[in-house]
Structure formats: structure tokens, C-alpha cells
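Take the given structure of chain D and dock chain Z to it, following the hints.
There are 2 protein chains.
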Amino acid sequence: MPPTRQLHLGAFMRPVSLHTGAWRFPGAWPDANFSFRHIKRFVQTLESACFDAFFMADHLAVLNMPVNALKRSHTATSFEPFTLLSALASVTERIGLIATASTTFDEPYHIARRFASLDHLSDGRAGWNLVTTSNPDAARNFGRDEHMEHDERYRRAHEFYDVVTGLWDSWADDAFVRDTESGLFFDPDKLRVLDHKGAYLSVRGPLNIARPVQGWPVVVQAGSSEAGRQLAAETADAVFTAQPNLAAGKRFYADVKGRMERVGRAREHLKILPGAFVVVGDSRDEAQEKRALLDTFVHDDSGFASLSIALGHDVASFDPDGLLPEVPETNASRSARERVIDMARAEGLTVRQLAQRVGGYSGLQMVGTATDIADEMEQWLVEEGSDGFNVMFPYLPAGLDDFVAKVVPELQRRGIFRRVYEGTTLREHLGLPRPGNRFFENR
Amino acid sequence: MPPTRQLHLGAFMRPVSLHTGAWRFPGAWPDANFSFRHIKRFVQTLESACFDAFFMADHLAVLNMPVNALKRSHTATSFEPFTLLSALASVTERIGLIATASTTFDEPYHIARRFASLDHLSDGRAGWNLVTTSNPDAARNFGRDEHMEHDERYRRAHEFYDVVTGLWDSWADDAFVRDTESGLFFDPDKLRVLDHKGAYLSVRGPLNIARPVQGWPVVVQAGSSEAGRQLAAETADAVFTAQPNLAAGKRFYADVKGRMERVGRAREHLKILPGAFVVVGDSRDEAQEKRALLDTFVHDDSGFASLSIALGHDVASFDPDGLLPEVPETNASRSARERVIDMARAEGLTVRQLAQRVGGYSGLQMVGTATDIADEMEQWLVEEGSDGFNVMFPYLPAGLDDFVAKVVPELQRRGIFRRVYEGTTLREHLGLPRPGNRFFENR
Numbered sequence: 000m001p002p003t004r005q006l007h008l009g010a011f012m013r014p015v016s017l018h019t020g021a022w023r024f025p026g027a028w029p030d031a032n033f034s035f036r037h038i039k040r041f042v043q044t045l046e047s048a049c050f051d052a053f054f055m056a057d058h059l060a061v062l063n064m065p066v067n068a069l070k071r072s073h074t075a076t077s078f079e080p081f082t083l084l085s086a087l088a089s090v091t092e093r094i095g096l097i098a099t100a101s102t103t104f105d106e107p108y109h110i111a112r113r114f115a116s117l118d119h120l121s122d123g124r125a126g127w128n129l130v131t132t133s134n135p136d137a138a139r140n141f142g143r144d145e146h147m148e149h150d151e152r153y154r155r156a157h158e159f160y161d162v163v164t165g166l167w168d169s170w171a172d173d174a175f176v177r178d179t180e181s182g183l184f185f186d187p188d189k190l191r192v193l194d195h196k197g198a199y200l201s202v203r204g205p206l207n208i209a210r211p212v213q214g215w216p217v218v219v220q221a222g223s224s225e226a227g228r229q230l231a232a233e234t235a236d237a238v239f240t241a242q243p244n245l246a247a248g249k250r251f252y253a254d255v256k257g258r259m260e261r262v263g264r265a266r267e268h269l270k271i272l273p274g275a276f277v278v279v280g281d282s283r284d285e286a287q288e289k290r291a292l293l294d295t296f297v298h299d300d301s302g303f304a305s306l307s308i309a310l311g312h313d314v315a316s317f318d319p320d321g322l323l324p325e326v327p328e329t330n331a332s333r334s335a336r337e338r339v340i341d342m343a344r345a346e347g348l349t350v351r352q353l354a355q356r357v358g359g360y361s362g363l364q365m366v367g368t369a370t371d372i373a374d375e376m377e378q379w380l381v382e383e384g385s386d387g388f389n390v391m392f393p394y395l396p397a398g399l400d401d402f403v404a405k406v407v408p409e410l411q412r413r414g415i416f417r418r419v420y421e422g423t424t425l426r427e428h429l430g431l432p433r434p435g436n437r438f439f440e441n442r
Numbered sequence: 000m001p002p003t004r005q006l007h008l009g010a011f012m013r014p015v016s017l018h019t020g021a022w023r024f025p026g027a028w029p030d031a032n033f034s035f036r037h038i039k040r041f042v043q044t045l046e047s048a049c050f051d052a053f054f055m056a057d058h059l060a061v062l063n064m065p066v067n068a069l070k071r072s073h074t075a076t077s078f079e080p081f082t083l084l085s086a087l088a089s090v091t092e093r094i095g096l097i098a099t100a101s102t103t104f105d106e107p108y109h110i111a112r113r114f115a116s117l118d119h120l121s122d123g124r125a126g127w128n129l130v131t132t133s134n135p136d137a138a139r140n141f142g143r144d145e146h147m148e149h150d151e152r153y154r155r156a157h158e159f160y161d162v163v164t165g166l167w168d169s170w171a172d173d174a175f176v177r178d179t180e181s182g183l184f185f186d187p188d189k190l191r192v193l194d195h196k197g198a199y200l201s202v203r204g205p206l207n208i209a210r211p212v213q214g215w216p217v218v219v220q221a222g223s224s225e226a227g228r229q230l231a232a233e234t235a236d237a238v239f240t241a242q243p244n245l246a247a248g249k250r251f252y253a254d255v256k257g258r259m260e261r262v263g264r265a266r267e268h269l270k271i272l273p274g275a276f277v278v279v280g281d282s283r284d285e286a287q288e289k290r291a292l293l294d295t296f297v298h299d300d301s302g303f304a305s306l307s308i309a310l311g312h313d314v315a316s317f318d319p320d321g322l323l324p325e326v327p328e329t330n331a332s333r334s335a336r337e338r339v340i341d342m343a344r345a346e347g348l349t350v351r352q353l354a355q356r357v358g359g360y361s362g363l364q365m366v367g368t369a370t371d372i373a374d375e376m377e378q379w380l381v382e383e384g385s386d387g388f389n390v391m392f393p394y395l396p397a398g399l400d401d402f403v404a405k406v407v408p409e410l411q412r413r414g415i416f417r418r419v420y421e422g423t424t425l426r427e428h429l430g431l432p433r434p435g436n437r438f439f440e441n442r
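The listed protein sequences correspond, in order, to chains D and Z. Counting from 0, one number per residue, gives the positions in the first sequence under numbering that gives the first Met the number 0. Counting from 0, one number per residue, gives the positions in the second sequence under numbering that gives the first Met the number 0.
Bound-form chain D, shown alone (with noise of 0.2 angstroms):
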């Protein structure tokens, strides 16, 4: 019999949890967010229970939305990914550390390099969340008003994502004999120039450091649009996707996977790592009521914001206390739009309690139980919704440790979570294989 499949859990933060009323909830820290001291202390307890990797959400500009909501968001500023993760590399030892980086605001010299110099300082766990970026913000703190069109913007990220690639294959891995007798640093026969010449990019090279421990540093995407499933399948190690259930889940999965097949990767060289917000509780009751409590701290502010936006209409006339009206037709994403309006059906929720749910989070969540959530994750599993999970935290550090004290140890009993790293790399973690040298035998 095969070995069973194994979950691979990352935690995406950014870099604590994405609720906006996180930092309020009674015993949570306000500051986790810009405390290294406490992002450390999260890091070395997901370590400790054997995560896959520390997944750090980005944006290149504070986020976009209006004052008056933003003023409530612990999430406005945090720190740089790069440094923050470098800084965690010296006070961790096995897990991943995946930091997110625009192919559209940044050069592709620089990204090989820094994930290249990510990849040495951790020993080999590095990760590259590619991300295209059409935040409109972003473009006005890189000198363009007018954002790239979203097909150009991908063809640019393959481009991209070959140069990237082709630059951390400059030296042979055995480049460097650091001969002292005959004074010989490195064999010149090890070391290629890239010299690529394309569309969107001019890069010459050689990369000025070695070829990273993992080969490359494993490269995650999170398109989903036709493009963007279309670059993962072929070429992303990993996938981060927002999946609202199962069915949407399987249905992903299953074409993601297709398409590896189509352009001749073998399925399990990618791992699909949907999004799940886990609230756990001793019981059930306690899981729902820590998930409303958390709901009622995110302001009016907030909430009647992110409402307002995702129905693309003023909630401001509504009756806050009373059920969801019908809402206007309007110009706002018609699934986002249906989305919420069911979801305010479904649950009876009054407008005060959808503009908390979706202002905090509305994505795919899991409240229950330890054993609740691990069936949970365990069916998604074993149906092909996924590989695993990139887990979201409400509030900390009580909500991580919950997991990682409840839920990780059932995952583990059933045998579907490691115990122990077995593996240095994040692509051992992940069960990947180490990328062969483009100009160099494979090895």
C-alpha cells in the first residue's frame, strides 16, 4: 500500500491574522503586527508542530481604502518581507519562509538575488509567492499612473518568472572549489551568462551568488483567472487559492492538475494550498461564539465599508439592525455581489452582522472542534480538493496556539501530518523534486 497522502499546512499571515478585528479580541496582542519579538515567538511555534512554511502576505502600498476604514486595520503597515523573513531565518531551523514579491514593481536581477540570498541564510527554505500586483495604489508609488492590462501583466510574470529562473542558474552547483593551492575560487566552465533578450526584459547576467540550496527556491502563484491558472500549471511548485467549499475546491484542483498533465508535469510537482480561516474550540458552541465574538470587533467604519464595496452599493440607508434588503443591481463583481447577498440569506445575518463578516473575513472557514476541523481537512484531502491548507489564524496568539495544540496533534494521530521534519528544504517539506540546471547536467 502507498503511503498515505500527506497534508501540507502553511500559515498565511500578514503577517499576523487578516481580520480586521483581530488585534481587538480580549488577550490578542494589538501590536503583533510590527513586533518582531512576537512574529519570532508565532514562527517558532508553527515550527515547533512541524508546519510547512510561514506564508507572508504583501502589498506595495498601504491598503486601498478609504481612511475612514483603514484607520481601524492593524494591517495598514507591517514590515518588508524580505527583511523580516531573513531576520526569522536566523532564529528558526526547518520551516519555510515564503515571502510574496511583484513581478510588476521590481526587477528581476534583484528577486533572483534576494531569494537566492534567502535560499543560502536559511539553508534551503526559501519561497517565492509570485504576484502580478493590480493594485492601482501601487502603480502611483512606482512612478505609473496607468496600471498594466491583466494579460499583458502575465506575459510579463512568465518572462519574468524565465528570468528569475535562468539567473539562478548561472553557476554550476559545484561551481565554487575554493582551491587554495592553486589559488582557483571557482571553475570559469561552471559559471553561464543568461544574456536573455525578450518583450518585457533585458537581463544579461551572470547572477552574482551562488545557485540557491533548493536549485530554485520553490515558486508559488495564486492566479486564478485563465492566465493565471494557466502559469501556475506551468510553472508554479505551489498554489495559494481561495476556494469558498469543497465542490469549488475540487473543481479547481481537478484543473489545475489537468493542465499539468497537458503540458507534461507530473501531478504532484504542484501543491494546492486553498485558504482556511480556523477558529477551534473545546466545543463546538465555544468555536461558533469565539467566531461571532471575533466578528463584533470589527467598527461600523469597517465594515459598512468593505459591504458597501463588495455590493457596489451605499449600505449607509439600510437599517443596521434589520435583515439584508434587496440591493439594487449594480456594476460591482455580480459573483462577489451573490456571494454575499446568499450568504446573508442563508445565515439570517442582520446588515450590521454581514458588514462584520465580510469586513473581517468571508472567505472558506473551518469552526469546530479539533476533530471537527481535522475531518474537515482530512475530506478535502482524500477527495482531491486540495493538498493541504494555508491556514489563517483569527487573532493571536491564543488562535494559533489553539491550533497548533489541538488540531495539529489530531492530524498527526491520524497519520495524515508529519511529527518530525523529515527533510531540511521547504521542497523536501513540500515533496517536490530539486530543479535540474538548465546548463549543466542535472544533478
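Errors might be hidden in some of the hints.
Unchecked claim - What follows is a list of derived Cβ distance ranges for each label pair:
hint : chain 1 : residue 1 : chain 2 : residue 2 : range
1    : D       : Arg143    : Z       : Asp341    : 50 to 58 angstroms
2    : Z       : Ser181    : D       : Thr349    : 47 to 55 angstroms
3    : D       : Arg413    : Z       : Val419    : 16 to 24 angstroms
4    : D       : Arg333    : Z       : Arg264    : 53 to 61 angstroms
5    : Z       : His149    : D       : Pro135    : 31 to 39 angstroms
6    : Z       : Glu383    : D       : Ser181    : 28 to 36 angstroms
7    : D       : Asp122    : Z       : Gly26     : 20 to 28 angstroms
8    : Z       : His149    : D       : Arg143    : 23 to 31 angstroms
9    : Z       : Ser224    : D       : Gly197    : 30 to 38 angstroms
10   : D       : Arg143    : Z       : Asp400    : 44 to 52 angstroms
11   : D       : Arg250    : Z       : Glu180    : 41 to 49 angstroms
12   : Z       : Lys196    : D       : Ser201    : 38 to 46 angstroms
13   : D       : Glu337    : Z       : Lys196    : 39 to 47 angstroms
14   : Z       : Thr295    : D       : Gly263    : 49 to 57 angstroms
Derived by calculation from the structure, the hints in this document are not laboratory data. A virtual CB, placed ideally from N, CA and C, is assigned to each residue, including glycine.
Just chain Z now, with coordinates in the frame of chain D:
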């Protein structure tokens, strides 16, 4: 009586010795340039000696030299500065951490953000070595065939500096109130949008990270041209400069401090720190022997290539063991050429010895006992040749350990170098004021 003016010491490293033969010296660690374990040990040793800062040189390309010489170099590749210094921030407590970053090949939003992040991660120890990058090999790694002309590079650098410091001022120091009761995370009156539109750059802001601990990280410059000196006098907190001897150092010192006065800055608000290559022995003879031995590890491939570049003439036809013959006039830099020829004549060096000197290190050096070196450093300080030095170590670890064990105590005994860190930030170590915020009351 006013307190004795104090010496400031940086350790200038790439991130090891700049001497081409260093990695071959007996007892040296050949892989020091690319071992975080070794570099951590060096920087912790420097911190135990109360150095002001670890200063990381950088290039945005593999070094520009023929591959036959390059393959002898232990500094052709290394870590990327932000990732390395952030990793070091976690394992040190007081020493300043200065990273080189280019105003020509990077974006001000990224630079402002990364230095702010490093400053927060290190509790106020970040410094920016602002360089304009004139290396054509770097240009080709960033999609440009033609390099930007010198004066234009400096005009862009000045604007870049204005934008970066403006972004650092995006938030008042007390913007983040984190009032869990009312749900107010930050006070929106304490946030400003820079909205810069200039000749070279257009950057909206605000920066998505709190104002740095130091207000602004320390800004170091190294330009020695007319434009470079003027930019430094107007904006820099410290200057790293190459000065061949005390007389030249005094002229440079008087010039830059005079320029500061003319733009209304206090002389003591910029520290001038020439590079000094220091070899310590228990006797003068021992120090000279070490220095000479080190040069023998410069391979002919490196030495003759470097000497040919310096003279603008291929030295292959010269007798390597004879004295330097007459060298035809060329279009090489006249001052560099004459300096090298004068050195050969003054010291009676053979062609090979001269090549080894030029291929290794031929700038300001201090070779002798701890007393000799302390005498020389004290003379520079007292006669206003400098405010301290960026020390370059000949080989590692012994060259660094000797300096820390022998020279530092002698400087301390004379009362011109600290025995303990009195402040916590790099600005405090250097005796520099914390800049006010352009948008808010100084605080």
C-alpha cells in the same frame, strides 16, 4: 574641558576581506564570504569591541574583470545586503548595520521600505550607503545598454534621497495608537501623502511601514567628485572615502566640512570615515611580514590583469621579476597611473610585487604594532584628517581578531574609543541627531 573627540569605527567588508589573496592566507576560512555562520561570528566579535557599524560593500553584477582574473576572486559572489543584514539583526544587539543600495537601479519606494523595515527589526541600527552605481555590467542586468551620465546620476540621486526621506516621514512617530476600546488603530491626522512628482521620479506614498526608529536610517555616501562631495555635504550623515595619506585626508575633511557650513549644517553632523587597511603584528617586522606574505597569495592572473588596467598598458611583456620599466603614456586615469608608478619607484617593487599590491589592496594602509596603529589613527583624529575609519581586515578571522584584541584596547586606553555602547541606535553611536519629521512637529 570638553570631552575628547571620539573615534568612530566601521568594518568595511564584502562581506569579508577586500584583498584578493585573503582567502588563501594560512589559517583563513576560504568560504567566509558565503558562510552565514562565519559572518555572524565576525559581526558578533566586532560588536564585542563596540564597533559603530558593520558596513557591507555591494555590487549589482559579478565583478567587472576578465574571467581569468575573476576566477581567483573570493568576492565575485556573495549574499545580498538586505537579506544578510536582516539575518544579522536577529543575532546582534547594538552594532550598526549599513547596506549599500543604488539610486540608479532601484525604486525609492522599495529602498525606503526596506531600510525602514531593517531599522525596526534592528531597533534603530540601519544605515544606507547611497551609491549611484557607475558599473556598465550592472546596467546590463537592469535592461539598459547605455549607462546614465555622471551628473545626471547625481541629480537623480538627490531627488531619490528627497523621496526616500519624504516616504520615511509618511507617519508621525506617535501615529499608531492601537486603542482596542474605540477600535482606532492609527490616528489619520498623523499620516501624510508625499505625492512627489519630480524630474526623474513620481512617487505617491504613503509608505506602508511606520517611521523608522531613528527617524531616518543613517545615510552614508562615498562620492569624491565635485557632485559627490556636494551631495554628501548637503545630505549625508557619514562619508566613506578613499584617501591615500593624512595630507590628502585633511584636505578632503576641510573641504567637505566647509561645504556643510556653507549650506548651514553643523560640522559634527557628518562623520568622515576613510577606508584603512590594517595589519597588526606583535612587532613591526611581524606586521610587515604578514603584509608581504598576503600579497604573495595574489595570483599572477589577478595581479597582472589589475596592474594592466591601472596602467592602461598590458604588462605581459614586462619581466615580472625586474623593476617597472618606463610605461608609455595611455588614456588610463592619469592620477591612478601615476600613483601606481610612484609606489613602485618609492618602494623598489618588482613588476610582480607591484601587480600583487595593486591586485590585492593599494590604498591607505596601517601596518605595525597596536601602538603604531593607534598612534596613526589618533593623529588622523586630532589633526582632523577624519572622524574615524572604515577598517578593512587583511584576512579572516585572524586579521579581524587581532584588531579587536590588540588595537581596540589601545584606543580605549587613550580615551578615544568607547568601552561600552552608550546609546542603542547607530545615530547615537555616531553622535548624530535624530531628524525631525518634515510634516509634523519635531519630536
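How the hints compare with the structure:
Between D:Arg143 and Z:Asp341 the Cβ separation comes to about 52 angstroms, which falls inside the hinted range of 50 to 58 angstroms. The supplied range of 47 to 55 angstroms is broken by Z:Ser181 and D:Thr349, whose beta-carbon atoms lie about 22 angstroms from each other. Checked against the given bound of 16 to 24 angstroms, the beta carbons of D:Arg413 and Z:Val419, roughly 55 angstroms apart, lie outside it. Taking the beta carbon of each, D:Arg333 and Z:Arg264 are about 60 angstroms apart, inside 53 to 61 angstroms as hinted.
For Z:His149 paired with D:Pro135, a C-beta distance near 36 angstroms keeps the hint of 31 to 39 angstroms intact. Distance hint check for Z:Glu383 and D:Ser181: the Cβ-Cβ separation is about 47 angstroms, which falls outside the suggested range of 28 to 36 angstroms. The hint said 20 to 28 angstroms for the Cβ distance between D:Asp122 and Z:Gly26, and at roughly 26 angstroms that hint holds. For Z:His149 and D:Arg143, the Cβ-Cβ distance of about 27 angstroms falls inside the hinted range of 23 to 31 angstroms, so the restraint holds.
Look at Z:Ser224 against D:Gly197: about 36 angstroms separates their beta carbons, and that is inside 30 to 38 angstroms. A C-beta distance of roughly 50 angstroms is found between D:Arg143 and Z:Asp400, which places it inside the suggested range of 44 to 52 angstroms. Remark: the range hint 41 to 49 angstroms for D:Arg250 to Z:Glu180 is upheld by a beta-carbon distance near 45 angstroms. The hinted range of 38 to 46 angstroms is not satisfied by Z:Lys196 and D:Ser201, whose Cβ atoms lie roughly 27 angstroms apart.
Restraint check, D:Glu337 to Z:Lys196: a C-beta distance of roughly 41 angstroms satisfies the suggested window 39 to 47 angstroms. Here the CB-CB span from Z:Thr295 to D:Gly263 is close to 55 angstroms, well matched to the stated 49 to 57 angstroms.
Checked against the numbered hints given earlier, the structure breaks hints 2, 3, 6 and 12 and satisfies all the rest.
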